[in-house]
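Given the coordinates of chain A, work out where chain B should sit on it, guided by the hints.
Protein chains in written order, with numbering that gives the first Met the number 0: chain A, 0 to 286; chain B, 0 to 299.
Hints are all accurate, no fakes.
If you want the footprint, here are the derived chain B segments under chain A, 3+ residues with CB under 8 Å:
#	segment
1	7-20
2	50-56
3	224-235
Incomplete in silico selection of chain A near chain B, CB under 8 Å:
#	residue
4	N22
5	L25
6	V26
7	E32
8	E37
9	R282
10	Y286
Taking CB as the label site, the calculated pair distances span:
#	chain 1	residue 1	chain 2	residue 2	range
11	A	H166	B	I164	44 to 50 Å
12	A	G99	B	T256	44 to 50 Å
13	B	H189	A	L250	26 to 32 Å
14	A	L265	B	A263	54 to 60 Å
Note that these hints are calculated values from the structure, not bench results.
Beta carbons: idealized from backbone N, C-alpha and C, even for Gly.
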Amino acid sequence: MSKLEVIQAPERTHDAEELLRINAPLVTEWLVEFLRDEMIRRRGFYRAVVGLSGGVDSSVTAFLCARALGAENVWGIRMPYRTSSTESLEHAQLVIDQLGIHSRTIDITPAVDGYLQYEPDADGRRRGNVMARMRMIVLFDLSAKLNALPVGTGNKTERLFGYFTWHADDSPPINPLGDLFKTQVWQLARYLGVPEVIVSKPASADLIVGQTDEDDLGISYHLADQILYFLLRGYRVEQIEEMGYPREKILLVKARLESTHWKRHLPTTAMLSTTSINDYYLRPVDY
Amino acid sequence: MKIRVVAVQFKPRKGDVEHNLDRVAEILRQIVEDGVPADVVVFPETITSGYFLEGGVREAARTREQILEALVKRYLPFARPEPLDVVLGFYEVWHGKYYNSALYLTLSAQSESCRTVHTHRKFFLPTYGVFQEKRFVARGRNIEVFPTRFGPATVLICEDVWHSITRAIAALKGAEVFYVIAASPGRGFHGESVGNAMKWQQLLCNMAEEHGVWVVNASLVGFEGGKGFVGNSMVVNPFGQVVVSAPLMREAMITATIDTEEIAIARANAPLLADLEAGLADLLIEMQEIAAEQHARHRQ
Chain A
0 MSKLEVIQAP
10 ERTHDAEELL
20 RINAPLVTEW
30 LVEFLRDEMI
40 RRRGFYRAVV
50 GLSGGVDSSV
60 TAFLCARALG
70 AENVWGIRMP
80 YRTSSTESLE
90 HAQLVIDQLG
100 IHSRTIDITP
110 AVDGYLQYEP
120 DADGRRRGNV
130 MARMRMIVLF
140 DLSAKLNALP
150 VGTGNKTERL
160 FGYFTWHADD
170 SPPINPLGDL
180 FKTQVWQLAR
190 YLGVPEVIVS
200 KPASADLIVG
210 QTDEDDLGIS
220 YHLADQILYF
230 LLRGYRVEQI
240 EEMGYPREKI
250 LLVKARLEST
260 HWKRHLPTTA
270 MLSTTSINDY
280 YLRPVDY
Chain B
0 MKIRVVAVQF
10 KPRKGDVEHN
20 LDRVAEILRQ
30 IVEDGVPADV
40 VVFPETITSG
50 YFLEGGVREA
60 ARTREQILEA
70 LVKRYLPFAR
80 PEPLDVVLGF
90 YEVWHGKYYN
100 SALYLTLSAQ
110 SESCRTVHTH
120 RKFFLPTYGV
130 FQEKRFVARG
140 RNIEVFPTRF
150 GPATVLICED
160 VWHSITRAIA
170 ALKGAEVFYV
180 IAASPGRGFH
190 GESVGNAMKW
200 QQLLCNMAEE
210 HGVWVVNASL
220 VGFEGGKGFV
230 GNSMVVNPFG
240 QVVVSAPLMR
250 EAMITATIDT
260 EEIAIARANA
270 PLLADLEAGL
280 ADLLIEMQEI
290 AAEQHARHRQ
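Okay, chain B solo, but in the shape it has when bound:
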């Protein structure tokens, strides 16, 4: 199965959800009208509002139905005959709580065929240094893999993939393509590139190689109150190699055709995921022991 993926990085206007959805639609229009090869178009974390909102989450949060409806309305006038899948990050209000969420949508020329395929709510909320997420949004509870038109996939948000266990769970559940959306403010300027941009590349390559999966990453750009998001979105193949990457800081879109058949080859060369599956029962017991011990320790 070949999937034509596009990762887009643009600078959202702070807190202006309608404007940013217009911009998403404008980019989709460019892709449709210019014939940019695309089956799945991926936008960064919090693209509908910008990332650092603090209490502004209350005003910028939308339901997933509102996002779908708003995009369908904008997409239909220039819709192409074949469906187009879209992944994007937004602040969500759901069942009385706010979340940092991602949607996987299918858009179509017929509005009744447009639908939400999957919603991921960020599991690991960074709350240290410059980050304050736990203060403003609730934590998601699931790491899920869902069927798409192109096979099983997962969507993870930023710190979700800084934990090896989250990546492992998604791989064990059968995800072949990891859509990773991020918002990473630049820091560390003594190396060849911005410190966290280099760290991100290392991370994405490691996870692709360890589990033999494709990774499609869309990462925010633009300055928000002096904090500049690095961008540098990239697509990484199951051998852990970057096949295309976007520049630092600047708005851009990158395209790649990913071939899921290469997953089997990569995993045959490095069967780490199979080894993990084989050892899973023992690992689970180890994890349960750790959890029990930590639970007991806190009783003291």
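Looking at chain A on its own, in the form it has when it is part of the complex:
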């Protein structure tokens, strides 16, 4: 008698690159609806202001806002500091020109230096935080002037890493990209037609000359996003290691993730009653 053919299940691969793939046209449709619904229907704002850094996140945000609200209702605000790279300014201008949105350039140097003259020894981190907060002062003030809503640009990877200034980059009331990993923002950017020079350059907070995100974080976004994908689902370090990811990188991502939960929350308030806000008295943001 002939032996039966044995058909084995394929080895389980953890192709996170594949798992992180998004249907960019569908995501675009969803986020455009999100912006219209959350801005116009819920909040009554027809205009948006977006801080344009020349990077991919703010570029994608501007592209989405232009689709959702019309280019004539979007203001791209460039807010350079004296150490910001001229390339950042040029790239932001590419987005403004391509979309035909309004633009404004506010040099934040005098405002930032006006404070820092009293703290001349402030290190790079503190200076970066002052710049980030100053940019939000500008963005929120211009939003009041223009009767517009500031739209946030932070992506999921930087939120999970705590790689932002608390109550600065994260402060705009709505954010279309906050649940997309950096590598997913790149996919969306290519679909939307963001200039390739912006999508393919190394991501940078541009707070210090020559700075890149991947140097700061000690890991590439491709690798970080894949490890985060599994950590967020509850896989243990050993399981992720078995999939072929380097242990030291997994531990690095895990440490950043676990040391920054506080940055993803509102300030801690001492609870004294059974009507403590957000503990007992629970009402959603749009109620």
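Coordinates of chain B only, in the frame set by chain A:
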């Protein structure tokens, strides 16, 4: 029996019950005045307030009598001569507790003929991830089938139909039409459509085909605090085929004429419900054994 059904998906204004009831009435007016073919009009889960209310349930909950009265008052000025049945979801206060409920109402040109036919209180309350229902509302205790002008029907809410046993109970009790109202926030964006929208379609088609029943689904749309409800309401025939569906995200209404005579044909082709009925006594014993064993295990 032919039933002209309409499933409506619109974006409620958060927590504003009066406004949302106005909107329900406005849509009924459109149906009456434009002659949209309709015997039963189905609105989504929590259409009177929006879904994610947290503690706001306390302010948005109404009694079923209040909902009926509010709708009758709004409906009478443009009422049509023949009755119009309405299914809608709302947060309910009933006997000192809050529920996520659905009403099946008959509206009529005479206010004394307007009545509540049936109330369903959500049996399975999702409380995981983004969902927090058990924290804010109590659980219903029944899966019921009730007579309508068009034959026996059931109303189920969202997670109620994610459990095969709930669907089976309603089918065994004789429901021919399943009115399924839902609020499903979109997640999963790597496939052809939104992940949970695809899952819902699969679920509705499977239940229609398994039991040989018509399924009329109305599903919420609109963003609530960044969470977007998918919509994609649909009508599925007893062969498990979608006969009409609404778009993702956008407000719309869909119409279909459903023919309950097709139920017999579908069940003759695939007599799964009859097989289930035949095996019911044994299954019941199996279930009792499981319940007894689980009960005992927790004593340890």
